[in-house]
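As given, the protein sequences belong to chains A and B, one line each in that order.
Numbered per our numbering, the first sequence spans residues 1 to 114.
Numbered per our numbering, the second sequence spans residues 1001 to 1116.
If you are wondering where the hints come from, they were derived from the structure by calculation, not from laboratory data.
For each residue, glycine too, the CB sits at the ideal point set by N, CA and C.
Watch out, some of these pointers could steer you wrong.
[Claimed, not checked] To be clear about the criterion: a stretch of chain B counts as covered by chain A if any three or more of its residues have a C-beta under 8 Å from a C-beta of chain A, and this derived list gives those stretches:
1. 1031-1044
2. 1047-1055
3. 1104-1114
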Amino acid sequence: DSGVTQTPKHLITATGQRVTLRCSPRSGDLSVYWYQQSLDQGLQFLIQYYNGEERAKGNILERFSAQQFPDLHSELNLSSLELGDSALYFCASSFQGNSYNEQFFGPGTRLTVL
Amino acid sequence: AQKVTQAQTEISVVEKEDVTLDCVYETRDTTYYLFWYKQPPSGELVFLIRRNSFDEQNEISGRYSWNFQKSTSSFNFTITASQVVDSAVYFCALSEGEQGAQKLVFGQGTRLTINP
Chain A
1 DSGVTQTPKH
11 LITATGQRVT
21 LRCSPRSGDL
31 SVYWYQQSLD
41 QGLQFLIQYY
51 NGEERAKGNI
61 LERFSAQQFP
71 DLHSELNLSS
81 LELGDSALYF
91 CASSFQGNSY
101 NEQFFGPGTR
111 LTVL
Chain B
1001 AQKVTQAQTE
1011 ISVVEKEDVT
1021 LDCVYETRDT
1031 TYYLFWYKQP
1041 PSGELVFLIR
1051 RNSFDEQNEI
1061 SGRYSWNFQK
1071 STSSFNFTIT
1081 ASQVVDSAVY
1091 FCALSEGEQG
1101 AQKLVFGQGT
1111 RLTINP
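Produce the entire structure from the sequences given, and follow the hints as far as they go.
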């Protein structure tokens, strides 16, 4: 158990809908990361937050947004969902947010868009 | 752009065999970090090792060892005397980002199956 929690574990929804994925980092970690894992794209970095501020951005679609709250938990919002958004979404955390930090991953949220 | 290539999509061996997973990376940075993660069937990614670009010493941890060669831009992972519990997808990753920021660039992963 990495100490990173993600809810829900599974999510099934329809095209065009909006969903929110939630992540709580390990105790003491200030940085949170979101990744998408799909069969065709592999593991892709989406976005990083450090202590409430956005620090790095990857190939995150404009339909997707995230934030980190004062208690350090983070939410990833996915809107206008398409079939291709079906994937496993991971949250990870690290103590700081530097390039040498190891990231600890949560169990993931499996999103299925029908 | 930074890139990680794991050319072996799938490997299947019999228990107790040694197996090496290859990882080749591309970067223009002089300072960078390399990682290996394991994704067992349960799905969670588990951190295995981190190596910085200035430290080319090989590392051994039990049955696991890592060979970092800057000259060939490779960071290979060997499992000695493999066991069924080693069956998983293994990812090599490269860290890019300035101070205070980090983006992990992952390879496509190698699915390792250890048969009894």
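We went through each hint and held it up to the structure:
no. : hint      : in the structure
1   : 1031-1044 : holds (count 8)
2   : 1047-1055 : holds (count 3)
3   : 1104-1114 : holds (count 6)
In summary, this structure violates none of the numbered hints.
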